[in-house]
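Student: Each chain is listed here by its residues.
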Amino acid sequence: MTAILDRLRPTRDDGAPPPIRSVRLRRWTVVAVVAALLVAVPVVVAAWPVSPAVSVSPSELRDRVAASQDLPWSGYAEATGGLNLPDVAQFSDVTSLLSGTSRLRGWYAAPDRVRVDQLYPGGERSRYTTGTGQVVWDYGAQLLTYVRRDPLVRLPRPDDLLPPQLARRLLSGTLPDDPVAALPARRVAGVDAAGFRVTVADPRTTVGALDVWADPTDGLPVAVEVRTKNASGALASGPAVGTRFLELDRTTPDPALFVAAQTPGVGVTRSPTSDLFGVLGRGSPDAVPGTVDGVDRVAPQRGFAAIGKYGTTLSQLIVVPLPADIAGSLLGNIGDAGSAGRTITVTAPQNALGRTANASAGALESSLLRLAVLRVGNRAWAVGGLVTDDVLDRAVADIAADSAGAP
Amino acid sequence: MVVELRKLFRRPRTWVTIGLLCLLPAIVAVFLASTRIAPAPGQGAAFLSAVLESGSLYPAAALALVLPIFLPVAVAVIAGDTVAGESGAGTLRYLLVRPVGRTKLLVAKLVSIVAFVVATVAAVAGTSYVVGVTLFGAGDPVAVVNAIPQISGPGGGGSSSAGSGGGTASAPSAGGSASAADPAAPAPAAPGAPAAGTSGAGSGAPTQLDPTEARERAADSVASLSGDPLSPADLALRLLGAMAYITISMLGVGAIALFLSTVTASSLGATLGALAALISSQVLVTLDAAASVTPYLPTRYWLAWIDFFRDPIFLRDIRAGLIVQAAYVVVLMLAAWANFTTKDVAQ
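Line by line, the protein sequences give chains A and B. Under my numbering, the first residue of the first sequence carries the number 1, and numbering increases by one thereafter. Under my numbering, the first residue of the second sequence carries the number 408, and numbering increases by one thereafter.
It cannot be assumed that every hint is accurate.
What the hints assert, rightly or not - Some, not all, of what chain B presents toward chain A, calculated at C-beta under 10 Å:
| hint | residue |
| --- | --- |
| 1 | Leu-412 |
| 2 | Leu-415 |
| 3 | Phe-416 |
| 4 | Gly-497 |
| 5 | Val-629 |
| 6 | Ala-630 |
| 7 | Asp-635 |
| 8 | Ser-688 |
| 9 | Leu-710 |
| 10 | Arg-717 |
| 11 | Phe-721 |
| 12 | Ala-734 |
| 13 | Trp-744 |
| 14 | Asn-746 |
As the list claims (entries may be wrong) - In silico negatives: residues of chain B with every beta carbon more than 10 Å from chain A:
| hint | residue |
| --- | --- |
| 15 | Met-408 |
| 16 | Phe-454 |
| 17 | Arg-723 |
Hints are computed from structural coordinates only; laboratory data are not their basis. Glycine is no exception: its CB is placed at the ideal position from the N, C-alpha and C atoms.
So that you can see chain A by itself, here it is in the shape it has in the complex (with noise of 0.2 Å):
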C-alpha cells in the first residue's frame, strides 16, 4: 500500500524523493478521508430522501393499519416509555415497562400463532401465544409457564408495546370523527412508510396524539408514538411511549418458532393466568359499581367477573378489587412516591349503623398513566387509566360512595 500511494506522488524534476514531511501529511490525509467517509456512510443512508411507494390519504392509512392483523412479520423492535413511574413492587412489571427501554423480538403469524421475547442483556423472557392458550418462557427463572387464559383486560406487557399491537390497540379507542392529519414519511426498518396522527379530542383523556407510521401498501405499522395534552390541550413536544421496528421482515415465519420447547432440566408449571388482574378479577360482579364517574360499566367478561371496565375508548376507565393489605402496602409506597405520589381525600359514607369506615387514597402520576388506590374499611380497589386528575378523583368519590351500598 505505501508503494502504491508512494508512487502517486508527483516526481520531481531532480528524482530526489520527496521530504518526509510531504509524504506524512499525504497519509495522515488518507487516514482523514478514510475516517471521514465511515463516519459520513450512517449519515447519508439515515439522510437519504424517504419515498413511500404509494401515496394514501391519511384516514385510508388509518383504516388499513386498524384491519392489518392478519399480516405476518417478524422483526425487532425497541420500545421506550418515558413516564418516570416510581417502581411500586406489585406493579414492576409495569412500571419498569413503561419507563425505559424495551428490546423486543417478534415473530408473528396470525392473531393466535406470536412469539415475542423480551431481550435482556443475560437473559430474555418470551411469551408463546397459541390457539389454546399462552406459554411463558422465563430464562432467569428456568421456568415453562402454560397459561390458560388472561382476562381481556389486563396490565399492559412487553408484546403490547409492537408497533402493530400498540398501534391497534390504541386506535381502536378513537373515536371515527376524531382529526386525521398527514406526517412526514419515515423509514423504519428499511420501510418508506408514511405516517399519520389522531389528534384524540376527547378532554377526559391524557391521550393527546397517536402518531403512527405504517407500510402504505398493506398497512402494517412499523412506528407509534403516543404524545400527551397538557389542561388546555396543547399536545407535549415529544413522545411519553414511542415504539418502532429496527428490523422488518415481511415473510411468514417459520412455524417451528411458535412452539415452546421444553428442555429437561427446567421447570414446568401452569397457571390458570399470568396477570395480575387475571387473579384479583375472580370475585363476585358487585365487587365493583356498576357506574363510575357518569359512565356505565361494560358487560364483563366471563371469569373475571369482578374487573370493571367503564367506556370503550382511550379515556375507559379500569376498576378492580384489591385485597385491603395489598391496597395498605399499595398507598405506603405511594406516598413514599415522592413528586409522583398524590393522596386524594376521599369521605367514606356511613352504614347501615350509621358508622364511618375509615378512607384513604392515593394516586400514582405519570403524564400519561394515573393509578389510583382506595381502600374504605376492610375493602379496596385499584383505579387506574390513561385519564386526567379530575376524572381519576370523581372515580375514587364514586366509588367510594358506592361501597356503603354493597355487602
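Starting from the known structure of chain A, fit chain B onto it as the hints suggest.
Tutor: Chain B in isolation, oriented as in the chain A frame:
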C-alpha cells in the same frame, strides 16, 4: 511475522497473562461448586446461574467473567507494548535496520496481537470447559429426573392461586433450577397462596427412570436463553461463534493500543491511553443522554456475543459489532501506518 509470533509466545509474561486470565474463572468455579450458591437468576455475570445445571455452559460464563475488564486490560498491555516496548528497550532501531518495511512490521505486530487474543480466548474457554465439566458435570441428573414428569397430568395447576404479574413466584411445584440443587427442600409457597395447588403432587414426584437414560437426557439439557434445548454439537458451534466474536471485539482495543504505541515511546502510556479510551466508551454506553453516539463506540456491542445463545440466533447486534470493530481497526491501523512509517526513529 513468524519472528514476531515466536517473540510473543516465547515471552514468559504472555503465558503469565493467559494463566491469570484462566485462573479467575477457575476460582469462581471452585467457590460455586463448593457452596452451590448461584447468583440470583438474572443477576451477576451472564450464564453463571445456569452453570450449576450443566458445566458445559461454563466456558460461556467464564468468558462473561473476563470480558468486561481482564481481557481488554491484557490486550491493551500486549498491544501497547508492541512498538513502544521495542522503542523503550532500545531495540526498535535495530529492528528497523533489518530489510523489513515498516508497514510489514506493523502488520506483523497486528497479527501477533490477533494471535494473542485467539490463544487467550481459546485458553480461557478450554480450561473453563474442563473445570466446569469436572466440577459441575455435563448436566445434573437430579435436576433432569425432577423435570421429566413435566406436565403430563391434564389440568394440573387449576387451583394454584396467585398466578400474578411475575408469574414465577407462584409455582409451588416447579422442579426447576430453584429446587434442583436440593430436591429434598420443597419450594416455598408463594405468599398469599393458602395451600400448594394440586399440581404439586403431579409434577413434583420423580418417576422411575433409568439413571443412564437420565444422564443421556442430561447431556442435552442445556437450554438456550430462549428456552429451547441445545444439543452438545449446537452448543459447541454457538460457543465457537461467541469466541470468534469476542476475539474480534478485542481487535478494536488492540488497534487503539497499537496506534498509541507508535505515538509514544512508553508502553505504559500506550496501555493506559487505550484503557482510558475504553473506560470512557463504557461510561458513555450506559448514559442514555449519549444515545446519539453510542452506536459508534467500540464497547457498545461487546455483549452481543450473548445473542449467539438465543434461539434463533439474534444477528443484528453481532453484525453491528463486527462493522464497528472493523471500522476502528481500519482507521487506527491506517493512523498507525501514517504515523509510524513517517516517524523519525532516532532515539
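Student: With a cut-off of 10 Å on the beta carbons, see whether Asn-746 of chain B makes it to chain A.
Tutor: 8 Å, holds
Student: Does the interface hint hold: is Gly-497 of chain B within less than 10 Å of chain A, judged Cβ to Cβ?
Tutor: 22 Å, violated
Student: Holds or violated: the hint that Leu-415 of chain B contacts chain A, with Cβ atoms closer than 10 Å.
Tutor: 24 Å, violated
Student: Given Trp-744 of chain B was flagged as interface, is its beta-carbon under 10 Å from a beta-carbon of chain A?
Tutor: Nearest chain A Cβ about 7 Å off; hint holds.
Student: Would Met-408 of chain B pass as off the interface with chain A, using Cβ distances and a cut of 10 Å?
Tutor: 16 Å, holds
Student: Next item in the hint list is Leu-412 of chain B. Is there a CB on chain A closer than 10 Å to its CB?
Tutor: 22 Å, violated
Student: Is the interface hint for Phe-416 of chain B satisfied, with its Cβ closer than 10 Å to some Cβ of chain A?
Tutor: 28 Å, violated
Student: Min Cβ distance, Ala-734 of chain B to chain A: is it shorter than 10 Å?
Tutor: Holds: closest Cβ of chain A sits about 5 Å from Ala-734 of chain B, inside 10 Å.
Student: Against chain A, is Leu-710 of chain B within 10 Å by beta-carbon distance?
Tutor: 6 Å, holds
Student: Quick check on the hint: Asp-635 of chain B CB to chain A CB, less than 10 Å?
Tutor: 4 Å, holds
Student: Should the interface hint for Ser-688 of chain B be scored as holding, given a Cβ-Cβ cut-off of 10 Å against chain A?
Tutor: 16 Å, violated
Student: Using Cβ atoms only, decide whether Arg-717 of chain B comes closer than 10 Å to chain A, and label the hint accordingly.
Tutor: Since the shortest Cβ distance to chain A is 7 Å, the answer is holds.
Consistency with the previously given hints fails for numbers 1, 2, 3, 4, 8, 16 and 17, ordered from lowest to highest.
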